[in-house]
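S.K.: Chains A and B are the protein sequences, given in the same order.
Position one of the first sequence corresponds to residue 794 (my numbering), numbered consecutively onward.
Position one of the second sequence corresponds to residue 4 (my numbering), numbered consecutively onward.
Hints were generated in silico from the structure; no laboratory data involved.
Values in this document were obtained by computation on a predicted structure and should not be read as measured data.
Among the hints, erroneous ones may be present.
To be verified - Have a look at the derived ranges for each label pair, beta carbon to beta carbon:
1. Gly814/A - Tyr105/B: 16 to 22 Å
2. Lys102/B - Val819/A: 28 to 34 Å
3. Ser70/B - Leu842/A: 24 to 30 Å
What the hints assert, rightly or not - Below, simulated BS3-like cross-link-like pairs (lysine-lysine); rule was C-alpha separation at most 25 Å, straight line:
4. Lys12/B - Lys102/B
5. Lys12/B - Lys95/B
6. Lys848/A - Lys102/B
7. Lys846/A - Lys12/B
8. Lys846/A - Lys102/B
9. Lys95/B - Lys848/A
In this text, a Cβ means the ideal position worked out from N, Cα and C, and glycines have one as well.
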Amino acid sequence: MIDHIGPVCGQDQAGKAGDEGMPVSVGMSLLIILAVALTTFATRVVPFLIFPKGKEIPPVIQYLGRVLTPAVIGLL
Amino acid sequence: MGYRQAFRKAFPYTIPVLTGYLFIGIAFGVMFAEKGYSFLWAVLMSLLVYAGSGQYLAVNFFVPGVSLLQVVFLTLMVNIRHIFYGISLLEKFHSMGPKRWYMIFGLTDETYSLLCTTRVPEGVEEDKFLFAISIMNQSYWVVGSAIGGLAGAMLPINSEGIDFAMTALFVVIFVEQWMDQKNRIPEMVGVAAAFLCLQIFGADRIVRLP
Chain A
794 MIDHIGPVCG QDQAGKAGDE GMPVSVGMSL LIILAVALTT FATRVVPFLI
844 FPKGKEIPPV IQYLGRVLTP AVIGLL
Chain B
4 MGYRQAFRKA FPYTIPVLTG YLFIGIAFGV MFAEKGYSFL WAVLMSLLVY
54 AGSGQYLAVN FFVPGVSLLQ VVFLTLMVNI RHIFYGISLL EKFHSMGPKR
104 WYMIFGLTDE TYSLLCTTRV PEGVEEDKFL FAISIMNQSY WVVGSAIGGL
154 AGAMLPINSE GIDFAMTALF VVIFVEQWMD QKNRIPEMVG VAAAFLCLQI
204 FGADRIVRLP
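Please model the entire structure based on the sequences and the hints provided.
M.R.: Below, the structure written as structure tokens:
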């Protein structure tokens, strides 16, 4: 699925890789994990930023909240 | 009423997730170990990221020369559905104080599904009950990752096809929702949309999960 990910930003300090045969350096591995973690959290926190405590939630949004999730799970 | 009680009451509700997360956690750990990462890396990722399909996808990021921009973009593609999850839990979480930040972080497919469908039993405070569910779910995921990471490093496991565990879990959630809800139109719309896109774009061009 992800074969098309080729070298994009050049080789990542090839010398430092190799801790237990890791394909990427420790620093880069941490960066990747951090990037995935922050992106994932961002997708989860968005509704709470748009509708903070006390703000009225439009009925359309409430409806979407009820209906979309079963639809997404079915799609998956 | 303390947390002890909340955890004890919540545990039975999390058993389906326990079995599911242990297995797909193990599958993730094995795949990550095959890349050459020790189980501690799998645990770290499961603690910080905590996303089933997101972490399955992320295993592919650990190749020389990958760009962080691609990492962010592909993660966004897979996890964008989470944006909808918060909507139906806005009010519940807003009354949970600082705990809500962990609740938001822990909004995986399975946890979301559980939080929405479970009714809080008598004699337990809602916020503690929900918090207990989220904590336990992530602990299953972390433990599964650790087991998989250790097993993958010690045994020569061929992980081809192991990611099907994920698809199986989605089928289980789907069936549970199907039984649970009175209005089944949303589910059917979702399935129909998937088939329609499959026909239009062709199987090769769809990012299937896993």
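S.K.: Each of the hints needs a verdict: does it hold here or not?
M.R.: Results for each hint:
1. Between Gly814/A and Tyr105/B the beta carbon distance is about 35 Å. The supplied range of 16 to 22 Å is therefore violated.
2. For the pair Lys102/B and Val819/A, the beta carbons lie near 33 Å from each other, so the given range of 28 to 34 Å is met.
3. For the pair Ser70/B and Leu842/A, the supplied restraint of 24 to 30 Å holds, since their beta-carbon distance comes to about 27 Å.
4. The straight-line distance between the Cα atoms of Lys12/B and Lys102/B is roughly 19 Å, inside the 25 Å bound, and the hint therefore holds.
5. For the hint linking Lys12/B to Lys95/B, the alpha-carbon distance of about 19 Å falls within 25 Å, and the restraint holds.
6. Simply put, Lys848/A and Lys102/B have alpha-carbon atoms about 20 Å apart, close enough for the 25 Å limit, and the pair holds.
7. For the proposed pair Lys846/A and Lys12/B, the alpha carbon gap of about 28 Å is over 25 Å, so the pair is violated.
8. Distance hint between Lys846/A and Lys102/B is fulfilled; the C-alpha atoms sit about 14 Å from each other, no more than 25 Å.
9. For a cut-off of 25 Å, the pair hint linking Lys95/B to Lys848/A stands: about 14 Å separates their Cα positions.
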